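Asker: Sequence:
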Amino acid sequence: MPYYRAVGDIPRKRHVQFRRPDGGLYAEELMGEEGFSSDSSLLYHRYAPTGIIKSEGVEDGAGAQRDLAPNQPLQPRAYRTQDLPAGGDLVTGRHLLFGNDDVRMAFAAATAPSELYRNSMGDEVVYVQTGAARFESTYGALDVAEGDYVVIPTGTIHRWVPSQGQPLRALVVEARGHVRPPRRYLSQYGQFLEHAPYSERDLRAPAEPLRVEGEQVPVLVRNRGGLSRLTYLHHPFDVVGWDGYLYPYAFNIRDFEPIVKRTHAPPPVHQTFEGTGFVICSFCPRPLDFDEHAVPIPYNHHNVDSDEMMFYVGGDYSARKGSGIGIGSISLHPSGFTHGPQPGAVEAVVEAVRQGHTTTSETAVMIDTFRPLLLGAAARRCEDPEYAWTWARSAT
Numbered sequence: 001m002p003y004y005r006a007v008g009d010i011p012r013k014r015h016v017q018f019r020r021p022d023g024g025l026y027a028e029e030l031m032g033e034e035g036f037s038s039d040s041s042l043l044y045h046r047y048a049p050t051g052i053i054k055s056e057g058v059e060d061g062a063g064a065q066r067d068l069a070p071n072q073p074l075q076p077r078a079y080r081t082q083d084l085p086a087g088g089d090l091v092t093g094r095h096l097l098f099g100n101d102d103v104r105m106a107f108a109a110a111t112a113p114s115e116l117y118r119n120s121m122g123d124e125v126v127y128v129q130t131g132a133a134r135f136e137s138t139y140g141a142l143d144v145a146e147g148d149y150v151v152i153p154t155g156t157i158h159r160w161v162p163s164q165g166q167p168l169r170a171l172v173v174e175a176r177g178h179v180r181p182p183r184r185y186l187s188q189y190g191q192f193l194e195h196a197p198y199s200e201r202d203l204r205a206p207a208e209p210l211r212v213e214g215e216q217v218p219v220l221v222r223n224r225g226g227l228s229r230l231t232y233l234h235h236p237f238d239v240v241g242w243d244g245y246l247y248p249y250a251f252n253i254r255d256f257e258p259i260v261k262r263t264h265a266p267p268p269v270h271q272t273f274e275g276t277g278f279v280i281c282s283f284c285p286r287p288l289d290f291d292e293h294a295v296p297i298p299y300n301h302h303n304v305d306s307d308e309m310m311f312y313v314g315g316d317y318s319a320r321k322g323s324g325i326g327i328g329s330i331s332l333h334p335s336g337f338t339h340g341p342q343p344g345a346v347e348a349v350v351e352a353v354r355q356g357h358t359t360t361s362e363t364a365v366m367i368d369t370f371r372p373l374l375l376g377a378a379a380r381r382c383e384d385p386e387y388a389w390t391w392a393r394s395a396t
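Its first residue numbered 1, the sequence shown is counted upward by one per residue in full-length UniProt numbering.
Calculated directly from the structure, the hints in this document are not laboratory data. Computed from a predicted model, the values in this text were never measured in an experiment. There may be inaccurate statements among the hints.
[What the hints assert, rightly or not] Pair ranges (Cβ atoms, derived):
id, residue 1, residue 2, range
1, Ala265, Arg381, 33 to 41 angstroms
2, Val16, Ala86, 43 to 51 angstroms
3, Tyr299, Gln75, 16 to 24 angstroms
4, Gln188, Gln72, 53 to 61 angstroms
5, Ile53, Arg183, 50 to 58 angstroms
6, Glu351, Trp389, 39 to 47 angstroms
7, Gln188, Glu215, 42 to 50 angstroms
8, Val260, Gln75, 31 to 39 angstroms
9, Arg262, Ser361, 14 to 22 angstroms
Every residue gets a Cβ at the ideal spot worked out from N, C-alpha and C, and that includes glycine.
Please put together the full structure from these sequences, using the hints given.
Answerer: Here it is as structure tokens:
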């Protein structure tokens, strides 16, 4: 993270004696990236965070990397996440949609609390489509709801507790590295610059420790070898305080400030996060392009270095009207294919602007990857087999 936070009780100096009320020492845990040469945070536990009493292997199930298959024959594709079954939790109940060596994307409609979980493969970004939950971690808790991105640093022990009522429907992005705000939004010292579409004030982080007591607590851990379940002697949420630049945080898509031009702007103006081998963009309600002769809709385009995944989460995406795309749909436009508006959509939008329509209501999350995306079993189960041919018919 690009700015410093201190939460709970911490000593005046780092790596000095910090004693509990009973006279014993709190145990330090330094969480650091890139060999402790990048962002880090220092957490203070009541008990040593190293004490494990059992380890057992766990079957990875249907979400394993082996279930990914190439997009062959090459074609654009669309999927209906609303057709995937609800149930389970946000960790073990993920439906794997796409993946490559840099990132995996899954969908979940969780109805149950997850067990404690640590992903040691990379950062995770969870986008909440609908529902609400309490996100609990060694750093503290966050209440999250519709429209929230939750960014979880590698190695953070956490769990998800959905609210009663509707399922917690969410897109889960599992990186193989770290996810950060784009560098061009930050000063050389890490402050958000004035031209950035969001700022530190828009980010929500834990404000106090959880301080949970407990013994013999299981934690599901993912690393390069697969899944294991480690049983800790003491509950890992026994942290009394922490400080640093590395912690989970939430950012709501409604706080993204769209950049508007007189003519249609390219996708980089919507970029929200960057990871190794991919970017995440937010398409939000905004004024339409306002030049007298503007065509206020995406032009036909071919990102020659990327596959493009678009998750439609709100409003009316006029560019693909008539293609079967709706709320909850995901489109996948691979490199090697030129895509753009549905036939007839350009004329329809130009006429709508002429009649006084000046804004767009669309909300979507786009992920561009720089390696081809492979297709997971869940994607094959909820695919719209007719989507590839929709550019051959007119909008309705």
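Asker: Tell me the hint numbers this structure goes against, listed in increasing order.
Answerer: Checked against the structure, the hints that fail are numbers 4, 5 and 6, while the rest are satisfied.
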